[in-house]
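Protein chains in written order, with the working numbering: chain A, 1 to 202; chain B, 1 to 394.
Please keep in mind that the hints were generated in silico from the structure rather than gathered at the bench. Hints should not be assumed to be uniformly reliable.
[Said to hold, decoys possible] Okay, the calculated bits of chain B under chain A, using three or more residues with CB under 8 angstroms as the criterion:
#1 47–53
#2 58–64
#3 75–85
#4 315–322
#5 384–394
Every value quoted in this text rests on a predicted model; they were computed, and no experiment measured them. Glycine included, each C-beta is placed from N, C-alpha and C at the ideal position.
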Amino acid sequence: MVHLILVFTWHINGVVGSQVQEDAEEIAKRGYEVIVLYPWHHDIGSKRRNVLYQPVAISIKDNTNIVTSVISALGDFARVLSRLIHELYDPNQVKLIISYEWSGALLGFFAKEYLKRPMITSVNSVESMRTGEKSLLSLSVRGLEMRFLHASDLIVARTEEAIVRILNEYRIPSDRVRLSSSPARMAFIVEEVLRTFESANV
Amino acid sequence: MFSWEYPPRIIGGLARHVYWLSKALARRGVEVTVITLDYPETPRVEHERNLKIVRVSSYGYQSSDFASWVHQFNLNMIEAALEEDASIIHVHDWLTAIAGITLKHLLRRPLIATFHSTERGRRQGSIVEAMQSHIHAIEWWLAYESWRIIVCSNYMKYELRNSLGVPEDKIAVIPNGIHLVEVLHAVDVHQVRRRYAEDWEKLVLFVGRMVYEKGVHVLVDAALSLLSRSQDVKFVIVGEGPMRKELMDKAYRSGFGHKFYFTGFIEDLELYELYRSCDVAVFPSLYEPFGIVALEALMAGKPVIVSDVGGLSEIVINGVNGLKVPPGDVHALSSAIEYLIGNPEVMRAMGENGAKIAREVYSWDTIAEKTLNLYLQVLQEYENNPWKPKKSVK
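Work the whole structure out from these sequences, hints included.
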């Protein structure tokens, strides 16, 4: 039986993109089949082995801001997810959702809800670290970030500052937050969550 | 069924459409769940036999623009819908498109969309700003993703074909319906008329949002033209919107302010009383996908004067149940009003014809039957389609 892990990310390049790719490779080494869903991009650098990179063609390109961009991509991510779980695999082969940042958590949350699987969200930075602004857009991102971090079963902060902000600004219970600065540690956390979820379902 | 408005939350005609359609479908034995937005002092979930209303939160989050707000309540709709079980997903307009498309793919269920209007139509063909482009793109996407599309008139069918490139065989024309009982309830016409006009004054009624596309400014100009020749007429203008103050100022500056009655928003009961009590109803829209208000006036037995545009043009048979005038033509509108109010026998005959046609063609039971037939046709196609999922989630 294939144990499938689905990764949802809005970023495939840059700091977060590197984390996505390195984590995916490390988790795949441990025998899981990892599929990374990301918005189609002409260049995602050197692809890692053992990981299926599944680009998602984005239908709505005329957007007003990052919030409308991410939410209006939801249907596209659902289309690709649907093909994976209904045509290429079996929905019951999916064991875990991993999402990156608030945008990935938003996209992955509905897969979690539909498949009834746990979701780990990796957070490199929160909105207050990215911008000191109190614009409506920034407040909107903060609201979504808080909502989908609370909806995650476990949050993996990638920096010390991120963990402090997640605990203090979003009041996430500390037993649902871990710190990881390496792919190996991330893979360990993934296996820990899978064991917990499986034992809870026995 | 997804709609951003459902009574008591009423923004435009969509709320009434979804309300009566869902009730009529439920009466025919269809289990209908309407997912809509919350409203103060209204329960989150309501049941009425096989009709279930689920209201999701539309407040409590920040949004930098209208689209961000719309998309965020779509997230709440998806979350609520994942707790339901549906054979068909039916969305109304772009406002619930994200929820519909996402659920279509997650659940692998057929998606049906009713387009009540389009952004290009609402903007008179002009898509300029980023928000307009975004909405237009979502409308295209919704049309693309839908198994079938429902529109209320042939005019809208052509608009979808020309504006969104939708193949004609994907579109079903099912008109809007009208609820008979409320329009036809007993009314003391004499008493109602006295609230608005003197006994010797003819009552001309307009109902609609006070926005440019409804052509209410054309009516005010036509009224002023008519009033310069004859003063035995009163114009009751029902509706709210950004043009209201400007038009009120114009009417009062003309010296004929006392011949206009701008009511603002009024409750349904008062509106139906006005339909029954007026002499003629006027709908001079510049853009009108259907024109439910004209149908309400016809159902109340009143002749209508409409601009020869969109769905209005399909509802009105010129000289039989009303008169058509070219859109934006102040002189033609003024002359048509003058002709009708000067010929009571013609008004009476047209009113009777209109009520008869409206009852036969536009009852909600007829509309629900047509919608149900479309559902059944789509389900039959879906059952034999390899896209249908083979395994469910455990």
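Identify every previously stated hint that the structure contradicts and give their numbers, smallest first.
1, 4
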